[in-house]
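Asks: Chain residues, written in single-letter form:
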Amino acid sequence: MNVKRHPPYRRPMTGWWKRDPFFMRYMLRETTAFAVAAYAIVLCVGVVRLAQGEAAWNGWLQGLRSPLSLLLHLVLLLAFVIHAYSWFQIMPKTLPMIKMGGEQVSAGAIQRTGWSAAAIATVLVLALAAWWQS
Amino acid sequence: MSKPRSNAPIFWLMFGAGGMLSALLGTALVFITGLAVPLGWFYSPELLSYPRVLALAQHGLGKLFLLAVIALFAWHAAHRILCSLHDIGIHKGLVAKLCCYGSAFAISVVAAVNLLRVGF
Amino acid sequence: MSETITKSIVIEVMRYRPEQESEPVWERFTVPYTDDMSVLQGLQAIKDDQDGSLSFRWSCRMAICGSCGMMINGKPMLSCQTFLRDFAPGPIRVEALAHLPIERDLVVSVEPFVKKLESVKPYIIPKEPRALAQGEYLQTPEELERIEQYSSCINCMLCYAACPQFGIDPEFTGPGVLALLHRYNADSRDGGQAERMEVLNAQDGVWSCTAVGYCSEVCPKGVDPARAVNQNKMNSATDYFKRFLLPGSKRGGKP
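Chains as they are written, first to last, in my numbering: chain A, 1 to 134; chain B, 135 to 254; chain C, 255 to 509.
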């Protein structure tokens, strides 16, 4: 019997990330990169202004006080929190099996360690800044 | 049919380093520099005054810290953005790579040059 | 003594008959069902009583052969262990596994997957020649623990339907095959890591993965392919730099 072999049908991938909440959360995680980039640029501009002298530096500080900058940094803050949360959430997938006391270290334990480290680091930075200004 | 080795490891390691640094320190830094000090919350405006920050940037460790934060944040973001572009249909071609990694490189160089310009 | 079937559920199936249509079309069926019926049994009822041309793969009916994978309400599932009662009154939308080319109705092309699987040498490659007289390999419980979950893969391809990177780039080796590659690399009996590095190190090896993680969510056997792929990024990166730092060192290393 001579059956005509048709090429298999390929479905398009457009808008794939809208198909499932899981993918939407993944895209949210990935877009935090824009916030990380934005903050790196803000700091970089700061360093440039610093090298240009006191007047330029004070101009940069003044810019940080503008409503636009404050709103931007509020958004950046939220994005950094989402980044920190999602970073340690995925961390168990990146590690080989670790054993402690004869038992495998669970994914949950790895995540909680990461989130705790982020919380502690945050407190340390805030405290260090407070100490530095005194 | 042999498969060529990818150069992704270089960029992935920097993505990882930047991701870890930003996950640990980013929230606090954004809060302090972008909200607390400008609004006068908990910290005095003096915290980011020119003499203080200059002293920090002139110190060897201060330079390293500032460069690490700026550069690694930039390389982390560049890699992730390149991947996100791929996710929405923009192929990881030479143009995309030059725009993303090129920007991170530019930010790193500008930061490094200016951190040297402030002196020691 | 048979139960009188009084309830029905609507099953919408994406049909594709290349000899009569150029694009897939949705077809609605109303199927009488009982609480113990799987989606697979629903499809079998359609084929038996309503449309004998409905094409789908199945075999064991007990989630071990890996044949009956399909998209059920947009999620990759094994139809033999998904139950009609959980979707009542429906409609349930049943479609061929996502990201894979459709041959007919719910039947997808499997050949590329098989070729990729062959490319990772999915068998023990002994570290050194071994005589029968040496007897069996001995393995500690911990050595087994390192590979056991990855050895559970039934090649059902749900992870490929879950993986958007595979959907975007069908050349990506993909979660299931990379999990099996890891299963062999991590086996204490195996000495073939160096031979498998080429697949790992390529752009469509581990480096196409962006840790979406949905593959591990949908895996019916708890293989956790996302972990297999992502932990090997460090192995691949180490291998990348070892060439320059330690030129004489053994390739691959212990995962």
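Fair warning: there could be bad hints in the mix.
To be verified - Here are some chain B residues the structure puts well away from chain A; computed CB gaps all over 12 Å: (1) K137; (2) P138; (3) R139; (4) N141; (5) L169; (6) G194; (7) A208; (8) V229; (9) S242; (10) L250; (11) R251.
Stated by the list, open to error - Label-pair ranges, simulated between beta-carbon atoms: (12) A:T113 to B:G196: 49 to 57 Å; (13) C:S405 to B:S136: 44 to 52 Å; (14) A:L74 to B:H225: 28 to 36 Å.
Said to hold, decoys possible - Lysine-lysine pairs mimicking DSSO-like chemistry, simulated, CA-CA at most 30 Å apart: (15) A:K4 to C:K381; (16) B:K226 to C:K301; (17) A:K93 to B:K197; (18) A:K18 to C:K496; (19) C:K369 to B:K137; (20) C:K329 to B:K226; (21) A:K93 to C:K301; (22) A:K99 to C:K496; (23) B:K226 to C:K496; (24) A:K4 to B:K137; (25) B:K226 to C:K381; (26) A:K18 to B:K231; (27) A:K93 to C:K369; (28) A:K18 to B:K226; (29) C:K301 to A:K99; (30) C:K496 to B:K231; (31) C:K261 to A:K93; (32) B:K137 to A:K93; (33) B:K137 to B:K197; (34) C:K329 to A:K18; (35) C:K301 to B:K137.
Think of the hints as simulated: they come from the structure by calculation, not from any bench.
Backbone N, C-alpha and C fix where the C-beta goes; we use that ideal spot for every residue, glycine too.
Asks: None of the hints should be skipped; say for each whether it holds.
Replies: Comparing the hints with the structure gives:
| no. | hint | result |
| --- | --- | --- |
| 1 | K137 | holds (23 Å) |
| 2 | P138 | holds (24 Å) |
| 3 | R139 | holds (21 Å) |
| 4 | N141 | holds (20 Å) |
| 5 | L169 | violated (5 Å) |
| 6 | G194 | holds (15 Å) |
| 7 | A208 | violated (4 Å) |
| 8 | V229 | holds (18 Å) |
| 9 | S242 | violated (9 Å) |
| 10 | L250 | violated (9 Å) |
| 11 | R251 | violated (4 Å) |
| 12 | A:T113 to B:G196: 49 to 57 Å | violated (29 Å) |
| 13 | C:S405 to B:S136: 44 to 52 Å | violated (28 Å) |
| 14 | A:L74 to B:H225: 28 to 36 Å | holds (34 Å) |
| 15 | A:K4 to C:K381 | violated (48 Å) |
| 16 | B:K226 to C:K301 | violated (45 Å) |
| 17 | A:K93 to B:K197 | violated (34 Å) |
| 18 | A:K18 to C:K496 | violated (41 Å) |
| 19 | C:K369 to B:K137 | holds (14 Å) |
| 20 | C:K329 to B:K226 | holds (28 Å) |
| 21 | A:K93 to C:K301 | violated (41 Å) |
| 22 | A:K99 to C:K496 | holds (26 Å) |
| 23 | B:K226 to C:K496 | holds (26 Å) |
| 24 | A:K4 to B:K137 | violated (34 Å) |
| 25 | B:K226 to C:K381 | violated (38 Å) |
| 26 | A:K18 to B:K231 | holds (26 Å) |
| 27 | A:K93 to C:K369 | holds (26 Å) |
| 28 | A:K18 to B:K226 | holds (22 Å) |
| 29 | C:K301 to A:K99 | violated (50 Å) |
| 30 | C:K496 to B:K231 | holds (25 Å) |
| 31 | C:K261 to A:K93 | violated (44 Å) |
| 32 | B:K137 to A:K93 | holds (26 Å) |
| 33 | B:K137 to B:K197 | violated (41 Å) |
| 34 | C:K329 to A:K18 | holds (13 Å) |
| 35 | C:K301 to B:K137 | violated (44 Å) |
Violated hints, listed in ascending order, are 5, 7, 9, 10, 11, 12, 13, 15, 16, 17, 18, 21, 24, 25, 29, 31, 33, 35; each of the other numbered hints is respected by the structure.
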